[in-house]
Structures are given as C-alpha cells and as structure tokens.
Amino acid sequence: MRVLAAMSGGVDSAVAAALAVDAGHEVVGVHMALSRNRDQFRTGSRGCCSIEDAGDARRAADVLGIPYYVWDLSERFEDTVVADFLAEYEAGRTPNPCVRCNEHIKFEALLDKATALGFDAVATGHYARVVTRDVPDPSAPGGTRPVRELHRSPNTAKDQSYVLAVMGPERLARAIFPLGGFASKDEVRAEAARRGLSVSAKPDSYDICFVADGDTQGFLRERLGARPGEIVDAEGAVLGEHDGAYAFTVGQRKGLRIDRPAPDGRPRYVLDVQPARNRVVVGPAELLSVDRVEAGAAVWFDGARPAPGAWVDAEVQVRAHGAPVPARVRAVEGAPEGPAQGMEIALTGAPLRGVAAGQSVVVYDGTRVLGQATVDRAYRAAAAPTATGAG
Amino acid sequence: MSSTKPRPGPRAARRFVDWVTVTLPSVPAAAAYLDHAATTPLSPAAREAFVDELSRTGNPSSLHAAGRAARRTVEEARESVAAALGARPSEVVFTAGGTEADNLAVKGLFWGRRTTDPRRRRIVVSAVEHHAVLDPAFWMAEHAGAEIVLLPVDGDGRVDLAALRAEIAEHADEIALVSVMWANNEVGTLQPVAEVVQLARPHGIPVHSDAVQAVGQVPVDFAASGLDAMTISGHKLGGPVGVGALVARRDAPLTPVLHGGGQERGVRSGTLDAPAIRAFGVAVAETVAQREERAAHVAALRDALVAGVRERVPGAVLSGPEPAPATRLPGNAHFTFPGAEGDSLLYLLDSAGVQASTGSACQAGVPQPSHVLLAMGVPEHDARGALRFSLGATSTPDDVARLLDALPAAVERARAAGLASAPARTAVASRTGGAA
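Quick mapping for you: the protein sequence lines, in order, are chains E and X.
Residue numbers for the first sequence follow our numbering, beginning at 1 and rising by one.
Residue numbers for the second sequence follow our numbering, beginning at 1001 and rising by one.
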C-alpha cells in the first residue's frame, strides 16, 4: 500500500512510520503545519506544532529513508478546531480539541488530501487497535463480510480510542495504527532507540497545542474578550463575579473567586454555565451527579448501531482518561433535514459527576468501540435536569 | 611542498557535451533533475581542482612556502574569475557564497554611505529580489535606521524604471544604495540593470546587482555594466557550495561585515578557502567560456518544455516574460497551475522521478506563496500552485520528456487534492448548531 505517515515530531508517530516501512508499505512522511504564526504555538520539547517538532519529524524521516513533506493545514485548523474550541466555550460547553483535530484535520483534511494524491491509508502514532472480523453477510446468505473494528490499545494508560472514535467507519477504513500492539510507551521508546531515532527520549506532550503555556483561560480571554457577569447558587443568589462565563466548565472547583463560603462549609462546583444570561451556577458536589446523557452527532461503527428503539448494554466513557461506566444506550433518529442523529444513554451503575455539554462520549463493548457522540445534555433522571448545556 | 609541481590541467575547458555524458552519483540516474536554479551539478573540472587542492596544506595568509603556494592558487582563481566577468582581480572579494556577498553589499554599502552622509538612509531594492537581499535590507530597517524603498515590477517581473526615476528625483541625497538583481531566480526575468545604473550613476548612488542566476546563462561584464558591486555564487554555475564573491569597484564604499584577520583587502575577514576558491575559479571560467553553446542548448530544451506544458496541461499559465534571449534566462521555465498546490505537485513529480521546485522560500518546510509572484500581481491562491523548472548544461531531451509524461496526471491529481483540503467553513456550525 501507499501509506502516508503523519509525523508530529514525537516518538510515537516516528515509530509508527518505521513500522509501516517494515510492513512493506511505500511510506511518505508528512508533518502538518497547524499554525500560521508558528511562534505562537508552544515551543520546546513538548510540542507537536513547533518548528523544532517539524525538524524532529524531518530527521526521523531521513533516518527511515522516506520522503518527507510539510503540509500547511493551518487555515483548516483555525477554521475547524480553534473555531470550534472558541464557539463551544462561548456557548457554555466544554470541547475536546484533540477529538475535533482527529475529526477535521487528521482523518478529514489530511486523509482526504492523501486519498486524492493516491495514498491508500494514513498511519498515525495513536494507541489503538484495528481488528478485522468476518461477520455473516445478510445480502449473501451463508456468506460473510469483513468488518473493521476500532479497539482499545492493550496499553490502557495510553489508550487513545476515546479521541479516535469520532472518525467513524468510513475513515477507519483508510487508517492504520501501527502502535496498536504495543503494551507500553517504554516499549515504543525502546523501539525508537533501537532504530536510532533521536526522538526516543523526547518527553510526551499533554497540553492543548495551540494554547501557549497551557493557559486555557488566558487564551479564551484573549480571543473572546472580558465579559463580566455573576456567579450564583442554584437558587439564584449572587455569590461572586466572573470575567466571562465561557471560561468555566461544569464540574470545575478551582478559580471560582467566591468570597463567601457555603453555609455548610463544603466546596462548591460549577453546576451550569449559562451564556445567554452570562451566569455561572455553582453548588455542592451531589448536584453534579447525573445518570442520563443525551448526545448528538452520533457515529456508529460498522455493525455496531443498535436496532431502532432498542436499548443495548454497553459501557460509556466521557473523558480521555476517565473510567468506562456501565450503561444502556440507544440510537436516536434525527429529523430528516435537521442535525445528525444522536444517542440516549442511561447509566446503570454509579452516577457520573460533572458531565459537561460538548464533551465526547464514547460507547464501548469491552475493548471494542461501538460509537461516539457529543454530549448535549446530562441530568439526573430521578430529579429535574441539573447540569444542562446552553440549551 | 609541491608548489612547483605542475598541476593537472583543470583549466583546460571541456566541451559541455562530454560533461553531459557523466553520470552524477548524487542524482539517481533515472531521475530528471530540473532544479539547476537551486544548485547545479559540480562540473568535473571544478571537482578535479577541488579534490586536488584539498590535499595541499597552506593558509594563503601565511608567509612561508606552503602559504605562498596557497596564495598563488587563490590569486590565480581571482584572475580567472575577474577575466571571465570583465572585472579587475582586485575587484573580486571572495565570500562563503551568494548570501554572504549580498549581505556584504547591502549592509556594507549602507554603512559606508551613511558614514559619509547621515542623510543616506534609503535602501532601494526591487520587490522581486532574492531573500538574501531583501532580508538584510529589512533587517537594516529594523536595527540600523534604514528605510526600505521597494520598487514595483510589471506583470513579467521587470522592475518599474519610472518608479526608480521618481525615487531618485525626489530623494537622491538620501539614497544609500540601489540593488536590482540581474536575473530573477524564480521566473527568470532579466532586469534592466544598465538602465538602473544610468539613472543612479549621475547622482553617485552605488548600484548592486545579484547576478547569481545570470553568470553562465547570459553575458555578464562587470566593467561594461557600470555596477558598483555584483554578487556571484559557486554552486549555481558548476562550482562547489559555500563559495562566491562580491565583485566590487575599488572605490565602492564598503564597510566590512565580517571582522577579523583582515583578508580580502580588509572587507571580508576569514581564512581563504583555497580548494573551494580554486574550484570556483575553474567553474566560472568554464561556464563563461561555454556560455553561448550551453545557452543555446538549454534554451532549445526550455522552449520544448514550455510548448509541451502548454499543450498538455490545460490551465497552465507561464509566469514571467515570453521566452526570448533578451527577456528571460535561457534555462528557466515557471508555471502556475491554478487549483493545484505546489507541495502536492512536488510530491507527485518527485515520486515520478522528476525533481523541480516551487521556486519560493519555505518556512519550516511550508512553501509560502512567492513574494515574486505576488509582486507580479498573481493572485495568492494561484501563486500557491507554482512550479519552477530550471535547466542546466547537463539537461537532456529525456529530462523534458519525462516531465511532460508525468505532469498532466500530477496536475490533475493535485487539483483534486486541493479541493479535498480546501477549508470547510461550515463544519463547525453544523455540529454545534443545536446548542449555541
């Protein structure tokens, strides 16, 4: 196959590219330039977007003996990932930009351009597995057809199936994750060292790549401007002030700037962000607990979509490194001309705390990813809805 | 030392047709190398001189026998370069390449002229100069109080002489220097250097010209040009990388940029690189001696290339002047392919064994829309789909055929890829529409 290896300049994507070469593919390395003014992006050794990272990727490609190009996807990145990030916070929701980057950049802009240029697949350094299984084919009685499934990495600490699930089945057909079989990051680093890749000891990146110094609130303030408003409790009593409701996230405890302690002395959390009234609602932890989730823009992998109206038992995960919890899930049809279909989730075990609109929810059956959607609303079935989105 | 030992005869000019048959190990034999404006293959004669000189010891500034031998090598190369370019040997200042020579010209002339008269702050350059001229000029504006005057160009990339005339009429006393390249490195346009000199000279304004792309392709005579300073570079004409020269009149007011041992009449300190300089001298002599013959060779290939691209690729637009000896470098062809991105085209051609260039500078590997094309009035979107094909003495009809075979499919594919990666501004709205 002709494989485009997305090379961030980090160790994972370098080893992934190396393994694609080993597998006998014709591999070309591509580094994505995601910022017009690259000085604004994080520099130093932790990034995926700085000029040093582009140089590291080039060096790795040289060592592997593969061609290397830089593709300028900065305009697309600004128009999708950064714009979504700002719009979501502005709407009182909590976006995950890494999910959006996979959705719009890696497995859309990059993948589509690669396909148009004649590549068969894009390889990335994500920790996830693709499993192809034969299932009965209803259109050919007695026959089978192959189904491509996305699974968790055996390296549970690094598993990235959560941020990949958004790609859906059509994209998965053209994606390969050569690190899928690695059980630990140390193994990947050892593999890099063995191959003489100088990025073998490069630190991991954690922060949002376009937010300098990890200061999300500062970034939002700079891009959205100050919009002072009130912090209130669930009854509407004013407890303090804020510089912009957009900077708060449901479940957040720190940085609330409330001068009066709660009467019972317990900590207070953000329960709701109401952009229309520019208000932030705070309250005790138990009001954060939810057991129902409604999510939109759902994608289902091949053969994973529940029959219309049927509830299926599964597990759901609402954070990149959160634990999966048991739930029953069903698909919800969207209006024919309206927004995409969604899903309804009823937690069957302990409730979840601090589920914010905008978060990605991923549905699993064991290690297999069934589908993904974006949270619109989370509430407690027993009581009136508490934590809601912008509505 | 072996200073009296006769050297092998690298200065004996070879016929370029012999050179054509040489297989160059650095370029896969199967690939068509169409990027001579980026760098040229080292000529066998220059290589022989270079390798021979590498085995000799001696600092040209040393006074003992070894030093004297190295000095002789350097001075013979200086005479060779001067003779080939219509200059006097004392006018040749060796540098570590074209970029350094351009920096010396822009900064050195600015400081030199301003020292004499502090009003002289204006650096007048064409908008299509190489970055080695533009960037020092802008640096001087940021750090040394210079003022930049960018001369516009017409749609072919030719500098607007009326603008220069007006600038001189209004600010003659404030102009430190004028710099207009001999030939453009991207689109090959020959600039009216003689007219520029005619306008500036009556006012005593020094004129510099970057002739890096011109030497060996068109006649270049420093004395006849009336220039005060002129940049040349080794690896653009069959010599090694890392050596070049600023040819400068003895009375050009050049303040040194590199300070140290005082070599090169105090204008450019640094130990003279005798092997590179000797090879450079051989290459300049060779390329100038064979210029006419080579120019006819590459012009014929280039004309076939241009005709072939126009015939086979719908929508291809030739940038720069219609090919003619008086208007354009013989080895240059430059096209825009609207709707295609240059980096896609480069990849597709490279994988088909054709090596070309977008012609413009990269920032961390990202091809930027060319300032040359933008100055010529090419829309930014079209400028992103630019490719330069530059031919040299070793180019063959097969190289052109190979390009013409690969290009139509590459352009079609790159256009499809351009559509695939075009910004989709609706993506965000459709997803969060329900919640905002």
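Derived by calculation from the structure, the hints in this document are not laboratory data.
Any given hint might turn out to be false.
As the list claims (entries may be wrong) - Quick list of the computed label-pair ranges, beta carbon to beta carbon: (1) ALA1083/X - ASP22/E: 36 to 42 Å; (2) GLN1368/X - PRO146/E: 53 to 59 Å; (3) THR156/E - GLN1368/X: 51 to 57 Å.
Said to hold, decoys possible - If we take Cβ atoms under 7 Å as the criterion, some of the chain E residues that face chain X in the derived model are: (4) ALA33; (5) TYR69; (6) ASP112; (7) LYS113; (8) ALA116; (9) LEU117; (10) VAL211; (11) GLU286.
From the three backbone atoms N, C-alpha and C, an ideal C-beta is built for every residue, glycine too.
| query | Which numbered hints turn out to be false for this structure? | reply | 1, 2, 3, 10, 11
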